[in-house]
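Put chain H on the given structure of chain Y with help from the hints.
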Amino acid sequence: MGGVAVLDHGGAGYGLRDWLLQRVSAVYLLLYLLHLLVFLAWHRPLDYAAWSGWFSLDGVRLASALFWLGLCLHAWVGVRDVLMDYVRHAGWRLLLESCVAFGLLACLAWAVRILWEV
Amino acid sequence: MKNRRPVWFSPLSISLPIGGVVSLLHRLSGVFLFLLLPLFLYLLQESLASPQRYLAIAAQLGGWLKFCLILLGWVVLHHVLAGVRLMLMDIGIGKELPTARRSAWMVLILALPLLAAWGGWLC
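Residue numbers (the numbering used here), protein chains in the order written: chain Y, 1323 to 1440; chain H, 2 to 124.
Some clues are possibly wrong.
As the list claims (entries may be wrong) - Covered stretches of chain H (in silico footprint by chain Y; criterion: 3 or more residues with CB under 8 Å from a CB of chain Y, positions within the stretch not fixed):
id: 1; segment: 33–40
id: 2; segment: 51–63
id: 3; segment: 80–91
Claimed, not checked - Estimated spans, in silico, between C-beta atoms of each pair:
id: 4; chain 1: H; residue 1: Ile19; chain 2: Y; residue 2: Gly1375; range: 43 to 49 Å
id: 5; chain 1: Y; residue 1: Leu1355; chain 2: H; residue 2: Arg103; range: 33 to 39 Å
id: 6; chain 1: H; residue 1: Pro52; chain 2: Y; residue 2: His1357; range: 21 to 27 Å
id: 7; chain 1: Y; residue 1: Ala1423; chain 2: H; residue 2: Pro114; range: 34 to 40 Å
Think of the hints as simulated: they come from the structure by calculation, not from any bench.
Note that CB positions come from ideal geometry on N, CA and C, so glycine has one too.
Pulled out of the complex, with its shape left as it was, chain H reads as follows:
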């Protein structure tokens, strides 16, 4: 009888093409943002509740909140850039392999200066 047991291999041993990396990060960033929805709502609530609570939140911008927002900045940036790339491919722009590979790199690279601008703005 042929051995039908599943074969285990380390997922890290698979080398994804660049489009696969962008796609995986797109999915991970989406899940991450979903899990953080309550945090966004909490920040919105506190910032609008009263001048005192607004200041309390603003005070956090000197500490953990700034770090969080910079990290979130990258997460949102990647998710949006990768998403735009996908939607352009939906209408037929850039779906050929060489162009798709280049646009995948562009998504990763373009996120960096935008993130730097966001970080600079926060500081």
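Just chain Y, with the same shape it has in the complex:
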């Protein structure tokens, strides 16, 4: 693939998948945040009607749900890398990774609830 040399290796793909997931989600997260900034700049001062109105749009709800999904996946890869680097004991690492995974799933569920209760 093009100029990304690391994608030309012949490995099983687990590390590659996570690395790619982190990058792809990063791009989407940035695009979403930029779009949000533009929205905020356009609607100064921001009142409840404009804010909740925007989140009532189906497209915005969907894009926002994807944002939180991408954020959870992006955070998962990052935090898991940190745990892998500093928590050498397999048992403790598994416990912490499980807590992080459940925590992120809970955040995602909360985000979906917030978005669809508008």
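Here is chain H on its own, set in the frame of chain Y:
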């Protein structure tokens, strides 16, 4: 028998190259943002719940919330700028040492005016 006990040294005694500093801050900012996820969700929830709760949150913007958002602004800015630098290096842009050093400085320096703009916007 050779002494195999670990040697302790203060981590602060290591002087990291600038790329190392940016990388460390990138990692720290990421962990920090992860830990604050519930706060972001709480703010989103309250701001959308009802006009009254929206106003309650907006009222906080005069106090602790503004300070938090400015601090978070730097955290997000650094994490994003450092991340963009890393992704450019992924596709081969700026991976030579002199360029990498310059881009590391740029990440740190560029964050300041952007943060000032963000702070100004909040106020």
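For each hint, the structure was consulted:
Evaluation of the coverage hint for the segment 33–40 of chain H: fulfilled, as 4 residues show C-beta separations to chain Y shorter than 8 Å, against a requirement of three. Residue count for the segment 51–63 of chain H with a Cβ under 8 Å from a Cβ of chain Y: 4. That meets the three needed, and the coverage hint holds. Counting residues of the segment 80–91 of chain H whose beta carbon lies closer than 8 Å to any beta carbon of chain Y gives 5, which meets the minimum of three for the stated coverage. Checked against the hint of 43 to 49 Å, the pair Ile19(H) and Gly1375(Y) passes, with Cβ atoms roughly 45 Å apart.
One distance hint, 33 to 39 Å for the beta-carbon pair Leu1355(Y) and Arg103(H), is violated here, with the actual separation near 26 Å. Here the CB-CB span from Pro52(H) to His1357(Y) is close to 24 Å, well matched to the stated 21 to 27 Å. Restraint check, Ala1423(Y) to Pro114(H): a C-beta distance of roughly 38 Å satisfies the suggested window 34 to 40 Å.
When held up to the earlier numbered hints, the structure conflicts with hint 5 and nothing else.
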